[in-house]
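What follows is the residue order along each chain.
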Amino acid sequence: LSDSSAARFGWLVSYPRSGNTWLRFLLASLMHGGQPIDINAPGIDTPVANRREFDELFCMDSSLLTDSEIELARPSLYRLIANRFRGPLILRKVHDRSWRNAEGKLMFPPELSRGAVYIVRDPRDVAVSYAYYAGIDIDEMTLRMGDAAMVIPTGREQAIQFRQPLGTWSGHVLSWLDDSAMPVHLVRYEDLIAQPAGELTKIACFLGVSPARAHAAVAAVRFDVLRAQEDERGFRELAGAGTHFFRQGRAGAWRSVLSAVQAERLRKDHGAVMARLGYL
Amino acid sequence: MNSGLPRIYSFYGFRLESELPLALISSIPSGDREQISLTADIVLVRGEVLAELPDPVWTTPFVSVDRDGSVLIRVAAAGRFLVRGGNSITVDAAPSAAPVEIEAFLMGPVAGALLHQRGTLPLHASCVETGGAAIALTGSVGRGKSTLAAALVRRGARLMSDDICPIIFSDGGVPFAVPGSTGLRLRSDTRKVFGCDGPEWLPIRPGHAKHVGRWNEGEAPEQGSPKPLVPRRLGAVIRLTPTNFADPAFRRLRGPSGVSPMQDLVYRLRIGRLLGRGERLFRDLMRVADKIPVFEMQRPNGFEKIGQMTDLILGALEGDG
Numbered sequence: 127l128s129d130s131s132a133a134r135f136g137w138l139v140s141y142p143r144s145g146n147t148w149l150r151f152l153l154a155s156l157m158h159g160g161q162p163i164d165i166n167a168p169g170i171d172t173p174v175a176n177r178r179e180f181d182e183l184f185c186m187d188s189s190l191l192t193d194s195e196i197e198l199a200r201p202s203l204y205r206l207i208a209n210r211f212r213g214p215l216i217l218r219k220v221h222d223r224s225w226r227n228a229e230g231k232l233m234f235p236p237e238l239s240r241g242a243v244y245i246v247r248d249p250r251d252v253a254v255s256y257a258y259y260a261g262i263d264i265d266e267m268t269l270r271m272g273d274a275a276m277v278i279p280t281g282r283e284q285a286i287q288f289r290q291p292l293g294t295w296s297g298h299v300l301s302w303l304d305d306s307a308m309p310v311h312l313v314r315y316e317d318l319i320a321q322p323a324g325e326l327t328k329i330a331c332f333l334g335v336s337p338a339r340a341h342a343a344v345a346a347v348r349f350d351v352l353r354a355q356e357d358e359r360g361f362r363e364l365a366g367a368g369t370h371f372f373r374q375g376r377a378g379a380w381r382s383v384l385s386a387v388q389a390e391r392l393r394k395d396h397g398a399v400m401a402r403l404g405y406l
Numbered sequence: 101m102n103s104g105l106p107r108i109y110s111f112y113g114f115r116l117e118s119e120l121p122l123a124l125i126s127s128i129p130s131g132d133r134e135q136i137s138l139t140a141d142i143v144l145v146r147g148e149v150l151a152e153l154p155d156p157v158w159t160t161p162f163v164s165v166d167r168d169g170s171v172l173i174r175v176a177a178a179g180r181f182l183v184r185g186g187n188s189i190t191v192d193a194a195p196s197a198a199p200v201e202i203e204a205f206l207m208g209p210v211a212g213a214l215l216h217q218r219g220t221l222p223l224h225a226s227c228v229e230t231g232g233a234a235i236a237l238t239g240s241v242g243r244g245k246s247t248l249a250a251a252l253v254r255r256g257a258r259l260m261s262d263d264i265c266p267i268i269f270s271d272g273g274v275p276f277a278v279p280g281s282t283g284l285r286l287r288s289d290t291r292k293v294f295g296c297d298g299p300e301w302l303p304i305r306p307g308h309a310k311h312v313g314r315w316n317e318g319e320a321p322e323q324g325s326p327k328p329l330v331p332r333r334l335g336a337v338i339r340l341t342p343t344n345f346a347d348p349a350f351r352r353l354r355g356p357s358g359v360s361p362m363q364d365l366v367y368r369l370r371i372g373r374l375l376g377r378g379e380r381l382f383r384d385l386m387r388v389a390d391k392i393p394v395f396e397m398q399r400p401n402g403f404e405k406i407g408q409m410t411d412l413i414l415g416a417l418e419g420d421g
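Quick mapping for you: the protein sequence lines, in order, are chains A and B.
To convert a position in the first sequence, counted from 1, into this note's numbering, add 126.
To convert a position in the second sequence, counted from 1, into this note's numbering, add 100.
Derived Cβ-Cβ restraints for the label pairs, each shown as a range:
no., chain 1, residue 1, chain 2, residue 2, range
1, A, Q161, B, D390, 37 to 43 Å
2, A, G334, B, T159, 30 to 36 Å
3, B, P161, A, I262, 32 to 38 Å
Simulated from the structure, these hints should not be mistaken for lab results.
These figures come from a predicted structure and were not determined experimentally.
The beta carbon of each residue, even a glycine, is placed where N, CA and C say it ideally should be.
Please work from the sequences and hints to get the whole structure.
Following this line, the structure appears as structure tokens:
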């Protein structure tokens, strides 16, 4: 781990629908002594591709810029955020793959980064969850997960978020594990569900956060608690077509949903990385 | 294109003499000029602008502010814009930049810098006029200001300005909205909803999802030229915020909460603060909130509820008036 004082970003990275939001809530609760959190104001972070923050800090309307102009400026946006932020750790949610802009600069500057927590989920469960969330069928989603040109957001969210390239599911994993030029702590969603306090403790240690209240944080951010809050007050990060952001959160649900053909397609497209991560 | 005499335009309440022809704001007919004044408030010229200011006190990749209050706006593929003293704009357009691109920056960051230099409150708002009063729709980027303005124009309102709405005060302290750019900037999905996909809609940058078009003229063709837009008493400020639910929620905001956080209401507040205007901007916002009802519209994503939102707004104005 880099402990330089300039290196204060902790990037919480995942392909969409892989447990990123839950992890953020666990960390938010942990950093507040295991207290309950408000899902609409967890109080620790901002999504990393936020136009409002860009416009405010750069004093420029990102809506007047082209994607490539925004992308050339993004690394310096994070430098500006780091200069303005006083605390020891800046946590940001990331869905981009690790990538470089047209000048060859990494989008997430390693010299500003304490490291990345990469949360990965069995791509067969991702396909089910993401298809529901995006309101498309699973066949279409399995194709998208193999499309190197895949980019989010696709709809009206473009008005508030920048372009974020995902690439293929496998390519996303490999870009961060092998090509991000920063320390990466890999967490499997399935392990986080099975041993949340233990995994959260390891994540906290990686980020330099005290893990002392890990058990309390896990209790405060149970799935049914989040779902109940979403039922009662809604969730502002719900941007897709589904009616709920917190849907099932189970591991292995794909077994009763995917057809043999769909499962085989994912295995064919992503088998090498699935094997590396213990999913095959 | 007539590049001979400079033209006079009405630019966010000021008389702008421009070497560049501008399509998105109203020109002042030559016959009227003498009656108004021969003196321009602001002069726009073409000329070389250097990549950095002589003594910048603050700089980002796109904007610098000089110790003397000058503001430089630079985007390599579009050009450089130097705004000085609240009365001078120098445009150094990139060779490849189309006129519509230059205007997009003039009716955005350049106008914002100029209004801050001149001490005028620039609301970050799209503004329409209805029943003799102005409605300012405020909100940060992507909140749907232009979309809701377009919907209100469909219901008979008239667009006064897109994205930036200058506010001036009468001697009695009554706030008035000043007309600005009537070039509405809409994304492709919004243009489809409003059926404005014609060739008069031009991309604001090459390949950009947002296109700009003059909405009022296309929408309500009249005999002869339309009546010029004039400042209108501000009737309501409507703040657009996101919602977690499928239905819009509309409520009156009272007291200081109506105008905070300031950066959601003031266009490029940071530049105003760098120019030493932070306190004055705060006081001006409080004066607005003191005289004018401020509402919050929690706006769901998408277009399905646009009709419901315009009903709520027009209903509230009737109730208030």
